[in-house]
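Visitor: For reference, the chains in residue letters:
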Amino acid sequence: MSTARPPSTLSAARTVLYKELTLERRAPQTLTAMALFCASAFVIFHFALARNEVEGALAAGVLWVTLTLAALLGIGRSFVADREEGGLDGFLLAPAPRISLLFAKAAALLIFLLIIGFFAALLFSVMLLGPTPDGAQWASLALLILLADLGIALVGTLVAGIAIQTRARDLITSILALPLLIPLLIAVTKASEPLLSVGGGTLAWRWLALLGLYDLIFGLLAYALFDYLIED
Amino acid sequence: MSTTKNLYGRRLPGYAIATAVVLTAAIGLAFFFAPIEADQGFSQKIFYIHVPLAIVTLGGFIFGGIFGIKYLRSGESRDDLRSYTAIHQGVIFCIGALITGCIWAKASWGQWWVWDEPTLVSFLIIFLLYTTYQPLRFSIEDPERQARYAAVFAVVAGVFVPVNFIAVRLAAPLIHPRVFSNSGDSLPGDMRIAFYTALIGTALLFITICKYEMSSKHSRAQLAALRRSIGGESDEPNAARRAAPRVAVR
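As you go down the protein sequences, you meet chains A and B in turn.
Per our numbering, the first sequence starts with residue 367, numbered consecutively.
Per our numbering, the second sequence starts with residue 66, numbered consecutively.
The hints are simulated quantities; they were obtained by calculation from the structure and are not laboratory data.
C-beta: ideal position from N, C-alpha, C; glycine also.
Among the hints, erroneous ones may be present.
[Claimed, not checked] Computed footprint of chain A on chain B, listed as stretches where at least three residues anywhere in the stretch have a Cβ under 8 Å from a Cβ of chain A: (1) 158-164; (2) 200-212; (3) 225-235.
Please work from the sequences and hints to get the whole structure.
Guide: Shown next, in the form of structure tokens:
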């Protein structure tokens, strides 16, 4: 009789990620809610600010506040199905490395955030953005969305892992994630500002460096601490 | 029946007396020994309260994170209690630092809140994060899980503090009165003596209050254990739902 070998971290993470994406494909909930939220938020900003077009710091603020709040919806849903349907218990019973759950959840959240990020940026350019960014500015904005979404996905998975075991899950997710995301928001809005200004501008490298530092620090933290969140 | 000696209260009277003596000396030095600052006048005296409060707050949060790491490694409930107390008192001292910062801003620039002041803004963000510590603990019933999740929070928040300072400082121009540089060289000698005395006094106050809180919680747990042992009921209302750690009485 042959003994089955436990799956590697990468293999287990790939399986859980595939499960997450399949669930979302079969019964779209998170992506639909996030996309609708972004569209509604832009309409609200149009009326609240009483402007047809925004640019510069205001445009950066509107875009990233919308994306951050939309991300909270995704973060809040991250572990809900696993907790309510017993998926978390099933995972803990499997001989898979526990850290693979962090990789899978963070990767799934990152994919959702990237889809919503690019969708929201395009929608924003059609609905509210005054200046028209050129190809280089779109490329810079894409890089910013990638780095910011990576940070949001890492912090979001950590926060979702903490909040899932609490009674007030939705409240804890919001009040814990928002202050933690403030340094990331400072960097990404400051970096986006020249890209969304009339006359255009270039990306400031110090903000990219800060985003990279944020992603690195919280990535390492999540890696070091995630095991303690799913001990039982 | 056995009760343990309350180790958290050890040397508490000594700390309390030292705190009273050093803080009284600090007040005397700040108001009667240190000279009046030329630019800001008498209002600069709040510096001897605000800056020590801010430094001790950060120290409290860092110790909260260190004891959080210790708890995750050892699982000892006393490390959870120490982490909880350091963060709990840190939040209270942080409120003090924010209020004195607002008063200083009003005296210096005529406004209660100044967004261009990176240190004050950083403290507000840190305060917003650490105020979620109590709701987080309160929303987890199982004591062991509550302690473990609170320790994870303490470590994450402890690492967040310097990242936040870097981000806010990069984003805002520096307008805070720099009466005290990183090296301390810009502070005249008389002011420096008063400042360091105030800093030591505030640190002693923090330690005394922390020890008092831990001692009080331990005594209460001992009393509850004694009541249970003689067949009475615990005086702890709704003991399953509370943010404070359960103190182990052996």
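Visitor: So, for every hint listed, does it hold in this structure?
Guide: Here is how each hint holds up against the structure:
1. 158-164: Three-residue rule not met by the stretch 158-164 of chain B, so violated; n is 0.
2. 200-212: This one holds; 6 residues, not fewer than the three required, reach chain A with a Cβ under 8 Å.
3. 225-235: Contact hint for the stretch 225-235 of chain B vs chain A: holds, 7 residues under 8 Å.
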